[in-house]
Amino acid sequence: QQPVQSPQAVILREGEDAVINCSSSKALYSVHWYRQKHGEAPVFLMILLKGGEQKGHEKISASFNEKKQQSSLYLTASQLSYSGTYFCGTGNQGGKLIFGQGTELSVKP
Amino acid sequence: NAGVTQTPKFRILKIGQSMTLQCAQDMNHNYMYWYRQDPGMGLKLIYYSVGAGITDKGEVPNGYNVSRSTTEDFPLRLELAAPSQTSVYFCASSRTSGGPSTDTQYFGPGTRLTVL
Numbered sequence: 001q002q003p004v005q006s007p008q009a010v011i012l013r014e015g016e017d018a019v020i021n022c023s024s025s026k027a028l029y030s031v032h033w034y035r036q037k038h039g040e041a042p043v044f045l046m047i048l049l050k051g052g053e054q055k056g057h058e059k060i061s062a063s064f065n066e067k068k069q070q071s072s073l074y075l076t077a078s079q080l081s082y083s084g085t086y087f088c089g090t091g092n093q094g095g096k097l098i099f100g101q102g103t104e105l106s107v108k109p
Numbered sequence: 001n002a003g004v005t006q007t008p009k010f011r012i013l014k015i016g017q018s019m020t021l022q023c024a025q026d027m028n029h030n031y032m033y034w035y036r037q038d039p040g041m042g043l044k045l046i047y048y049s050v051g052a053g054i055t056d057k058g059e060v061p062n063g064y065n066v067s068r069s070t071t072e073d074f075p076l077r078l079e080l081a082a083p084s085q086t087s088v089y090f091c092a093s094s095r096t097s098g099g100p101s102t103d104t105q106y107f108g109p110g111t112r113l114t115v116l
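Protein chains in written order, with our numbering: chain U, 1 to 109; chain H, 1 to 116.
Please keep in mind that the hints were generated in silico from the structure rather than gathered at the bench.
Careful: at least some of the hints might be erroneous.
Stated by the list, open to error - In silico DSSO-like pairs for lysine-lysine, Cα to Cα no more than 27 angstroms straight-line:
(1) H:Lys44 / U:Lys37
(2) H:Lys44 / U:Lys26
(3) U:Lys50 / U:Lys96
(4) U:Lys96 / H:Lys57
(5) U:Lys68 / U:Lys96
(6) U:Lys68 / U:Lys26
(7) U:Lys26 / U:Lys96
(8) U:Lys50 / U:Lys67
(9) U:Lys67 / H:Lys44
(10) U:Lys37 / H:Lys9
(11) U:Lys68 / H:Lys44
(12) U:Lys108 / U:Lys59
(13) H:Lys9 / U:Lys26
(14) U:Lys37 / U:Lys96
(15) H:Lys44 / U:Lys96
(16) H:Lys9 / U:Lys50
(17) U:Lys67 / U:Lys96
(18) U:Lys68 / U:Lys50
(19) U:Lys108 / U:Lys50
(20) U:Lys50 / H:Lys57
(21) H:Lys44 / H:Lys57
(22) H:Lys9 / H:Lys44
(23) H:Lys9 / H:Lys57
(24) U:Lys26 / U:Lys67
Claimed, not checked - Derived, one-sided and incomplete: chain U residues facing chain H with beta-carbon distance under 10 angstroms:
(25) Gln36
(26) Val43
(27) Leu80
As the list claims (entries may be wrong) - Not close to chain U: a few residues of chain H, all C-beta gaps over 10 angstroms, as computed:
(28) Lys14
(29) Asn30
(30) Gly42
(31) Leu45
(32) Ile54
(33) Thr86
Where a beta carbon is used, it is the ideal one built from N, C-alpha and C, also for glycine.
All chains should be built: construct the whole structure from the sequences, respecting the hints.
Following this line, the structure appears as structure tokens:
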């Protein structure tokens, strides 16, 4: 079952914050977050494993609530370089990764 | 390290033609994957492999075949190309001892395929 991401698209001004959500109808073991620039390959941001651990990567962090089967990606003080499409991928232990449909983020000057 | 490499970068096929998309990685990863990405959509898993000689179907395997004779290479074969196979194809690899969902996947640059 494909995870559902929200919002589908968001436009920000430089310096603003954003939250991207990813929810699944199935129990999760892991959540991956990737960013893809137009015409390029997806690039890994972070992975969260079962345990509710919050991770950070520069000004981008994420949380994972396995009870609610949800993850959120937090982008603070956004920069122009944050523009792109963000994908979450969800998986069961030992299982395959299923990607969401993506959230398109545009950061304007 | 070159990481994950894919050839060709672009290809146009006629309906009914066949081709092989090449993928190679030099990170000694056990797991390799093939995804397709349709315009404005997410990634759909076609096939994956947990090691040389072992492959398994993903979400959308119909119309494709794979083989894995070495750790490094994981070619994807399209038989009897159809317009519905027009897409961008990404190969990825991961180290993963705990299963595909537990480790970082490293993606190749992609192959843009058009079937006319």
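Each hint tested on the structure:
At most 27 angstroms may separate the alpha-carbon atoms for a hinted pair to count; Lys44 (chain H) and Lys37 (chain U) meet this at roughly 18 angstroms. Straight-line distance between C-alpha atoms of Lys44 (chain H) and Lys26 (chain U) comes to about 18 angstroms, which keeps the hinted pair within the 27 angstroms bound. A C-alpha spacing of about 15 angstroms is found between Lys50 (chain U) and Lys96 (chain U), which places the hinted pair at or below 27 angstroms, so the restraint holds. Restraint check: the Cα-Cα separation between Lys96 (chain U) and Lys57 (chain H) comes to about 10 angstroms, which is no more than 27 angstroms; the hinted pair holds.
The hinted pair formed by Lys68 (chain U) and Lys96 (chain U) meets the criterion: a straight-line CA distance of about 20 angstroms does not exceed 27 angstroms. A threshold of 27 angstroms between alpha carbons decides the hint, and for Lys68 (chain U) with Lys26 (chain U) the separation of about 10 angstroms falls inside it, so the pair holds. Only pairs whose Cα atoms come within 27 angstroms are accepted, and Lys26 (chain U) paired with Lys96 (chain U) is accepted, the gap being roughly 13 angstroms. Between Lys50 (chain U) and Lys67 (chain U) the CA atoms are separated by roughly 10 angstroms; this keeps the pair inside 27 angstroms, and the hint holds.
For the hint linking Lys67 (chain U) to Lys44 (chain H), the alpha-carbon distance of about 26 angstroms falls within 27 angstroms, and the restraint holds. Our distance criterion of 27 angstroms between C-alpha atoms is met by Lys37 (chain U) and Lys9 (chain H), whose separation comes to about 17 angstroms. Taking the CA atoms of Lys68 (chain U) and Lys44 (chain H), the gap is near 24 angstroms; set against the 27 angstroms cutoff, the hint holds. As the CA atoms of Lys108 (chain U) and Lys59 (chain U) are separated by approximately 17 angstroms, the hinted pair is consistent with the 27 angstroms bound.
Restraint check: the Cα-Cα separation between Lys9 (chain H) and Lys26 (chain U) comes to about 36 angstroms, which exceeds 27 angstroms; the hinted pair is violated. The straight-line distance between the Cα atoms of Lys37 (chain U) and Lys96 (chain U) is roughly 24 angstroms, inside the 27 angstroms bound, and the hint therefore holds. For the hint pairing Lys44 (chain H) with Lys96 (chain U), the CA-to-CA distance comes to about 11 angstroms; that is within 27 angstroms, so the pair holds. For a cut-off of 27 angstroms, the pair hint linking Lys9 (chain H) to Lys50 (chain U) is broken: about 37 angstroms separates their Cα positions.
As the CA atoms of Lys67 (chain U) and Lys96 (chain U) are separated by approximately 20 angstroms, the hinted pair is consistent with the 27 angstroms bound. Restraint check for Lys68 (chain U) and Lys50 (chain U): the C-alpha separation of about 12 angstroms stays at or below 27 angstroms, so the hint holds. For the suggested pair Lys108 (chain U) and Lys50 (chain U), the alpha carbons sit about 35 angstroms apart, so the restraint of at most 27 angstroms is broken. With a C-alpha separation of about 25 angstroms, the suggested pairing of Lys50 (chain U) with Lys57 (chain H) holds against the 27 angstroms cut-off.
Taking the CA atoms of Lys44 (chain H) and Lys57 (chain H), the gap is near 11 angstroms; set against the 27 angstroms cutoff, the hint holds. Restraint check for Lys9 (chain H) and Lys44 (chain H): satisfied, since their Cα atoms lie roughly 19 angstroms apart, inside the 27 angstroms limit. Proposed proximity of Lys9 (chain H) and Lys57 (chain H) is supported: the alpha carbons are some 24 angstroms apart, at most 27 angstroms. Taking the CA atoms of Lys26 (chain U) and Lys67 (chain U), the gap is near 10 angstroms; set against the 27 angstroms cutoff, the hint holds.
For Gln36 (chain U), the suggested interface contact is upheld, since its CB lies about 9 angstroms from the closest CB of chain H, less than 10 angstroms. For Val43 (chain U), the suggested interface contact is upheld, since its CB lies about 7 angstroms from the closest CB of chain H, less than 10 angstroms. Hint status for Leu80 (chain U) relative to chain H: violated, with the closest Cβ pair at about 22 angstroms, above 10 angstroms. With a cut of 10 angstroms on Cβ distances, Lys14 (chain H) stays outside the contact zone with chain U, its closest approach being about 25 angstroms.
Here Asn30 (chain H) stays apart from chain U, with its beta-carbon at least about 14 angstroms from theirs, past the 10 angstroms limit. In this structure Gly42 (chain H) is not separated from chain U by more than 10 angstroms, as the shortest Cβ-Cβ distance comes to only about 4 angstroms. The beta carbon of Leu45 (chain H) sits about 6 angstroms from the closest Cβ of chain U, which is not more than 10 angstroms, so the claim that it is off the interface is violated. No beta-carbon of chain U is positioned within 10 angstroms of the beta-carbon of Ile54 (chain H); the least distance is around 14 angstroms.
No Cβ of chain U comes within 10 angstroms of the Cβ of Thr86 (chain H); the nearest lies about 16 angstroms off, and the non-interface call holds.
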